[in-house]
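A.B. asks: Residue numbers (my numbering), protein chains in the order written: chain U, 1 to 144; chain V, 1 to 144; chain B, 1 to 144; chain A, 1 to 144.
By construction, these hints were calculated from the structure, which means they are not laboratory data.
Values in this document were obtained by computation on a predicted structure and should not be read as measured data.
Keep in mind that the hints are not guaranteed to be accurate.
Pairs count within a copy or across copies, as identical chains cannot be separated in the list.
[Claimed, not checked] Quick list of in silico lysine to any residue cross-link-like pairs, SDA-like style, CA-CA up to 25 angstroms:
1. K55 / L119
2. K55 / R68
3. K121 / S8
4. K55 / K121
5. K55 / Y16
Number of protein chains: 4
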Amino acid sequence: MQPRSTRSSTRVRARYAETDQMGVIHHANYYVWMEVARVDLCETMGFRYRDMEEKAGVLLAVIESSCRYINAVHFDEEVVITAWVSNATSRTVSFAYEMSVNGRHVATGETRHMVLNRLLKPTHLPDQYRPLFGLPVGPENRIG
Amino acid sequence: MQPRSTRSSTRVRARYAETDQMGVIHHANYYVWMEVARVDLCETMGFRYRDMEEKAGVLLAVIESSCRYINAVHFDEEVVITAWVSNATSRTVSFAYEMSVNGRHVATGETRHMVLNRLLKPTHLPDQYRPLFGLPVGPENRIG
Amino acid sequence: MQPRSTRSSTRVRARYAETDQMGVIHHANYYVWMEVARVDLCETMGFRYRDMEEKAGVLLAVIESSCRYINAVHFDEEVVITAWVSNATSRTVSFAYEMSVNGRHVATGETRHMVLNRLLKPTHLPDQYRPLFGLPVGPENRIG
Amino acid sequence: MQPRSTRSSTRVRARYAETDQMGVIHHANYYVWMEVARVDLCETMGFRYRDMEEKAGVLLAVIESSCRYINAVHFDEEVVITAWVSNATSRTVSFAYEMSVNGRHVATGETRHMVLNRLLKPTHLPDQYRPLFGLPVGPENRIG
Numbered sequence: 001m002q003p004r005s006t007r008s009s010t011r012v013r014a015r016y017a018e019t020d021q022m023g024v025i026h027h028a029n030y031y032v033w034m035e036v037a038r039v040d041l042c043e044t045m046g047f048r049y050r051d052m053e054e055k056a057g058v059l060l061a062v063i064e065s066s067c068r069y070i071n072a073v074h075f076d077e078e079v080v081i082t083a084w085v086s087n088a089t090s091r092t093v094s095f096a097y098e099m100s101v102n103g104r105h106v107a108t109g110e111t112r113h114m115v116l117n118r119l120l121k122p123t124h125l126p127d128q129y130r131p132l133f134g135l136p137v138g139p140e141n142r143i144g
Numbered sequence: 001m002q003p004r005s006t007r008s009s010t011r012v013r014a015r016y017a018e019t020d021q022m023g024v025i026h027h028a029n030y031y032v033w034m035e036v037a038r039v040d041l042c043e044t045m046g047f048r049y050r051d052m053e054e055k056a057g058v059l060l061a062v063i064e065s066s067c068r069y070i071n072a073v074h075f076d077e078e079v080v081i082t083a084w085v086s087n088a089t090s091r092t093v094s095f096a097y098e099m100s101v102n103g104r105h106v107a108t109g110e111t112r113h114m115v116l117n118r119l120l121k122p123t124h125l126p127d128q129y130r131p132l133f134g135l136p137v138g139p140e141n142r143i144g
Numbered sequence: 001m002q003p004r005s006t007r008s009s010t011r012v013r014a015r016y017a018e019t020d021q022m023g024v025i026h027h028a029n030y031y032v033w034m035e036v037a038r039v040d041l042c043e044t045m046g047f048r049y050r051d052m053e054e055k056a057g058v059l060l061a062v063i064e065s066s067c068r069y070i071n072a073v074h075f076d077e078e079v080v081i082t083a084w085v086s087n088a089t090s091r092t093v094s095f096a097y098e099m100s101v102n103g104r105h106v107a108t109g110e111t112r113h114m115v116l117n118r119l120l121k122p123t124h125l126p127d128q129y130r131p132l133f134g135l136p137v138g139p140e141n142r143i144g
Numbered sequence: 001m002q003p004r005s006t007r008s009s010t011r012v013r014a015r016y017a018e019t020d021q022m023g024v025i026h027h028a029n030y031y032v033w034m035e036v037a038r039v040d041l042c043e044t045m046g047f048r049y050r051d052m053e054e055k056a057g058v059l060l061a062v063i064e065s066s067c068r069y070i071n072a073v074h075f076d077e078e079v080v081i082t083a084w085v086s087n088a089t090s091r092t093v094s095f096a097y098e099m100s101v102n103g104r105h106v107a108t109g110e111t112r113h114m115v116l117n118r119l120l121k122p123t124h125l126p127d128q129y130r131p132l133f134g135l136p137v138g139p140e141n142r143i144g
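Given these sequences and hints, build the entire structure.
C.D. replies: Below is the structure:
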């Protein structure tokens, strides 16, 4: 069983297309980086996010997102994103992120997700994914 | 019957997020603007693109795209995009675009599309859309 | 003097490029829409954001952003974004946003900004912009 | 001296945010990938693109771009982008790109660039960059 505190580390290199005329990375792109880190975290936790969507038919739709920008990121800098599950129930999962460039802290973020089925209706995390999120396998799954 | 030469005119205001550190609009965004113009052109031609996808189950997947950038576009400038069908068969459709800012020509583009079904397999334009693209309604549709 | 409670209303039509494979608008794009609304709000308040950057040499860099997603937005839907200044000092400004589609509430957001000069160093809002944000014109501007 | 035929190989993993509701990567993102590959190619050729902008004050502004999409790319697939200089003069440079996923060819592209100075006016490639592009070092640089 994977403890909830598993952390992944993702490296993205800031793209030219991600800059804006202020000369730094546009703030909306940090959410894309968090998503990239989230996908890596799933792998570190023991599954591929795309398999969860394709095979289990379960999606983690974002219902809240936030970011604090501490230092600007520039084109071509390598951003290290640490990600982990900050909270999980069978219906919602939250992820937290810390971003740094050369050891300098540049941003923190959080996203909260609702577990949806293919019809985009709320459901429960399928049994096989629960231990990975530190959740007990249980009967509530049958109601979802 | 809608002649092939129908032209639509779309206005987009260049977004801050679309700029890059060169201080002008990043070149990849012109393709997004062409797409916005294409959707408007469909309306001008007599149908909604989303209905074609949702109801007729037909998609126009891009198989070629090109753009010539003549003058830079800046944040907050209003870009007028003229779009028209430059070529159409029952299997492929091409669109052409001219973009200007305050009457100054800024770019031209072209996109070529393949008609796909929901499974992303090649098909023919359904009968009801053919006249809109200047095409005869015919039996080949049954083979697709 | 412009009261702090000025509200602007912006309409954006959800773009195909803004959708993701979940079949709805990707969450990062809401931040771009908020930015579009912010630029419109500035106009409603009596100035153009690009003039503030170009002529006054003052930038409003995002230091915090957040969004709550209440209902999904689909391709081609028209999103109405109401924006207003939720807080302002001479050094930081916050904006709030409400987004709806056909009267149905789809999201709320907030962004917090630091006033920076062209060298991306913290400064104060120039005198001419202070009344627009409901702030007194004062001597602190000289220290910044 | 670096021959013109230097090739670089770049790996990008298709991001969720880059998908669209067709369930595949949106066509505009290929241009961002080509840009990522171009930056890598510069490194392979012996310089950092950001140094050319920051230190030499020279920009390679895109004046033409094109892409042919051969097979769809899906979320989480790793795309290998091979890039090389297809043509170069002291005033314009062209790059070509081939993209593949697991050895399957997915797209080809080309971009043409004009050499600009910081004021976005046409200039010549500075002497130190010419050999890298297979160009002779010459007096025309003084006219630019």
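A.B. asks: Confirm or reject each hint.
C.D. replies: Do the hints match the structure? See the list:
With identical chains, the CA atoms of K55 and L119 are at most 25 angstroms apart both within one copy (14 angstroms) and between copies (17 angstroms). In the homo-oligomer, the alpha carbons of K55 and R68 never lie at most 25 angstroms apart, since the shortest distance is 35 angstroms inside one protomer and 28 angstroms across protomers. In this assembly of identical chains, the alpha carbons of K121 and S8 never lie at most 25 angstroms apart, being 29 angstroms within a copy and 33 angstroms across copies at closest. Taking the closest pair of Cα atoms, K55 and K121 come within 25 angstroms of each other both inside a single copy (17 angstroms) and across two copies (22 angstroms).
Taking CA atoms no more than 25 angstroms apart as the test, K55 paired with Y16 passes between copies only; the shortest distance there is 17 angstroms, against 35 angstroms inside one copy.
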